[in-house]
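*Asks:* The primary structure of each chain is shown beneath.
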Amino acid sequence: MSACQHVSSLACQHISISSHCSIAPLPHRPIASSPHRSITPSPSDIQSHHPSLLILLLTILLTIGCRSQDNSFDLIAERGTLRVGLDPTYPPFEFDDGSSLQGIDIDLANAIGEELGVSIEFVWFGYDGLYDALGTRQVDVLISGMVIIPERQRDFAYSDPYFNAGELLVVREGETAVSAMRDLNGRSLAVELGAQGHVEATVWQKNLGDLTILPQETGDAALTAVLDSQADAALVDSITARLFLGRNVGLTAVANPVTVDPFVIVVNVEDEQLLDKLNESLESVTVSGQLTQIFAKWFK
Amino acid sequence: MIRSFFSSKPLPILGKGLLFLILLTLLQPNPVLISFGDPQTVETNHPIMAVHTRLTDEVEEWKIQRTLELVREMGATTIVELFPWAYYHAADGGIAWEHPDLVINHAHAQGLQIIARVGLTPDWARPPDTPLNYLDANSYADFATFTAAFAERYEGKVTHIIVGNEPNLSFEWGYRQATAVDYVQLLATVYPAVKAVNPDVMILGGALAPTIEPAGSPWGLNDLIYLDGMYAAGGADYFDGLAVHTYGFKFPPDSDPDPELLNFRRVELIRNIMLDYDDADTPIFITETGWNDHPRWTKAVRPGQRISYTLDAYRYAEENWPYVESMALWAFRFPAPTKSYMDYFTLVTPEFINKPIYDELKAYATGN
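Top to bottom, those sequences are chains A and B. Quick note, the first sequence lines up with residues 1 to 300 if you use my numbering. Quick note, the second sequence lines up with residues 1 to 368 if you use my numbering.
Everything labelled a hint here was simulated from the structure, so no lab data went into it. Glycine included, C-beta positions come from ideal geometry on N, C-alpha and C. A portion of the hints provided could be inaccurate.
Okay, derived cross-link-like pairs now, BS3-like style, lysine-lysine, Cα gap no bigger than 30 Å in a straight line [as the list claims (entries may be wrong)]:
| hint | chain 1 | residue 1 | chain 2 | residue 2 |
| --- | --- | --- | --- | --- |
| 1 | B | Lys250 | A | Lys300 |
| 2 | B | Lys299 | A | Lys297 |
| 3 | A | Lys300 | B | Lys299 |
| 4 | B | Lys157 | A | Lys297 |
| 5 | B | Lys299 | B | Lys339 |
| 6 | B | Lys339 | B | Lys63 |
| 7 | B | Lys157 | B | Lys195 |
| 8 | B | Lys339 | B | Lys250 |
| 9 | B | Lys157 | B | Lys63 |
| 10 | B | Lys339 | A | Lys300 |
| 11 | A | Lys206 | B | Lys195 |
| 12 | B | Lys250 | B | Lys299 |
| 13 | A | Lys206 | B | Lys63 |
Coverage of chain A stretches by chain B, computed from C-beta distances (three or more under 8 Å per stretch; other residues unrestricted) [said to hold, decoys possible]:
| hint | region |
| --- | --- |
| 14 | 140-149 |
| 15 | 187-200 |
| 16 | 208-222 |
Using the sequences and the hints given, assemble the complete structure.
*Replies:* Below you can see the structure in the form of structure tokens.
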């Protein structure tokens, strides 16, 4: 039995998040200035009258020094393998088909590996254990439908987004009157009962005044309601929407997502060289159309 | 260009800054005056309904008040809330009561019963480099002193006190092997100290984590084995009620209990142990329960299932568990998003948007 079977109220986790790291205060800078203030202070002036400026300069130099010493990607290139942590229980992004790992994140990781000239080693963890695995350097990166958690940015860094998993508004093809949530006044909106789209819809219902929400058992049922003209639109998460649109004709997603929930790659915060390389690779597979092809392959 | 009133010279930088600050001060709205107001009258058909709030880290008073208003409007009668010893009690003996005063007085003003969970050890009461959950026998008396002061201060408002949290998990026991004997010793220290100053407050023991970890596991110990150990160590003399955590995970609420399985009806296995020790009269307070609808957490269900399972769980408890006095859903609302599966246990978002499950529970509890 794993520790994941516990459910703790996480009091301590919360406290550790809210704790503050101690930062030594900068030396106090005297307010009174000399009547003969030098316009171009000499180094000794800086030292004697502007200790905070000196510390700032030193900090910048040290930071630049640290950056140049980061060889996180060099080490990976030397090893020849990028270790990718993931929880393969989230189709179509990552899943085990019984014989191998499959999905968008698998294809994306392999494409990045090609860009970087390294092979990919996938290492499985439970979703709750992914950050610990990265933090303890059992893996180099996480590519597993990860979202940005602001509180973790002290220890981890996030790549540029490669997918928006937020809520999408879906209408029938040819529908020109609905291009955003604000166009739904006087209309009906199908949602999955209790899901984020339902929560978002209740907010819009209050704002618009005349929006009818039609909760359905599943996201697919909400989309089917639009297809069957029982609802004017559906608000569902983009994964559900894109899977459904890939299998059915007659519906289309409006261009702008209603909410934004980006998927990103995660690295340890000090691995700036690796992060730069990952972002370059992401841009490359995006510009080349490879990422679009990967999505097209799995969202059908 | 800004110029001074009495000369044509431009104001110096310092003067501009000062002027800006003065203008900013004038533009600043008056602080919001918050009064406790009259207690809310909410008719509930299901007084068993309770929620575990998370106001410990909620700073703004209006948010504390709004949270508790929503709890009461939903039809819940009771809250469970954490009051961390470590936050309030200084090494010199001083206790900062300001925040617990806010939470407890606002909850009381809403007519809510308060089950207080007291725990987490201040640094002065534990060895260096130990976590907040670390509480050893050297500090049991200090913990008892604080808990007694808490019980005395909030007499008539806090009606139940839970001693600690999930002591059968190593994590919750300061990353040490969790033993029932140690926990009973803690109860035996706290119980008489609290009763001496507030005989009416009910001391709740347990609050064990549902787990099937075997003996010797570094993570924790099976809650059933641990509870048996508590009774064997004479723990029954030191609690008036048993706090129980039970989660449904993937299973519907009527799924049969099984010692090798974690589901909602694990409560019945716990009750059987109480009966084995002739403790039928001690009530159970479920202080954490619920289902989760995170899209990918492996123990989550679909959002619609979460709603129906939760409502069915209340029905089941009311019909079958006369010994359960209260059943609190984890968790009502977090002050800020956790950006993890934890967000999918809540009933209300940090921005005070009621989730559909809130509305369904409200309709169930109030009949509206």
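*Asks:* Verify the proposed pairing of Lys250(B) with Lys299(B), using a straight-line Cα cut of 30 Å.
*Replies:* The given pair, whose Cα atoms are some 5 Å apart, holds under the 30 Å limit.
*Asks:* Does the alpha-carbon distance linking Lys157(B) and Lys63(B) stay inside the 30 Å limit?
*Replies:* holds (20 Å)
*Asks:* Regarding the pair Lys339(B) and Lys250(B), is the alpha-carbon distance no greater than 30 Å?
*Replies:* At roughly 21 Å apart (the allowed maximum being 30 Å), Lys250(B) and Lys339(B) satisfy the hint.
*Asks:* Tell me if the straight-line CA distance from Lys300(A) to Lys299(B) falls inside 30 Å.
*Replies:* holds (27 Å)
*Asks:* Keeping to a limit of 30 Å between CA atoms, is the pair of Lys339(B) and Lys63(B) held or broken?
*Replies:* holds (20 Å)
*Asks:* Has the given pair, Lys299(B) with Lys297(A), been kept, meaning a C-alpha gap of at most 30 Å?
*Replies:* holds (29 Å)
*Asks:* Would you check the hint for Lys206(A) and Lys63(B), treating anything up to 30 Å between C-alpha atoms as holding?
*Replies:* holds (21 Å)
*Asks:* Need the status of pair Lys157(B), Lys195(B): alpha-carbon distance at most 30 Å?
*Replies:* holds (15 Å)
*Asks:* Can the restraint linking Lys206(A) and Lys195(B) be considered satisfied, given a maximum Cα separation of 30 Å?
*Replies:* Distance of about 50 Å is beyond 30 Å: violated.
*Asks:* Taking 30 Å as the top limit, are the C-alpha atoms of Lys339(B) and Lys300(A) close enough?
*Replies:* holds (29 Å)
*Asks:* Is the listed coverage of the region 208-222 of chain A by chain B valid when you require three or more residues with a beta carbon under 8 Å from a beta carbon of that chain?
*Replies:* Per the Cβ count (3), the hint holds.
*Asks:* Using a Cβ cutoff of 8 Å, are there at least 3 residues of the region 140-149 of chain A near chain B, or does the coverage claim fail?
*Replies:* holds (count 4)
When each numbered hint is compared with the structure, violations occur for hints 4 and 11.
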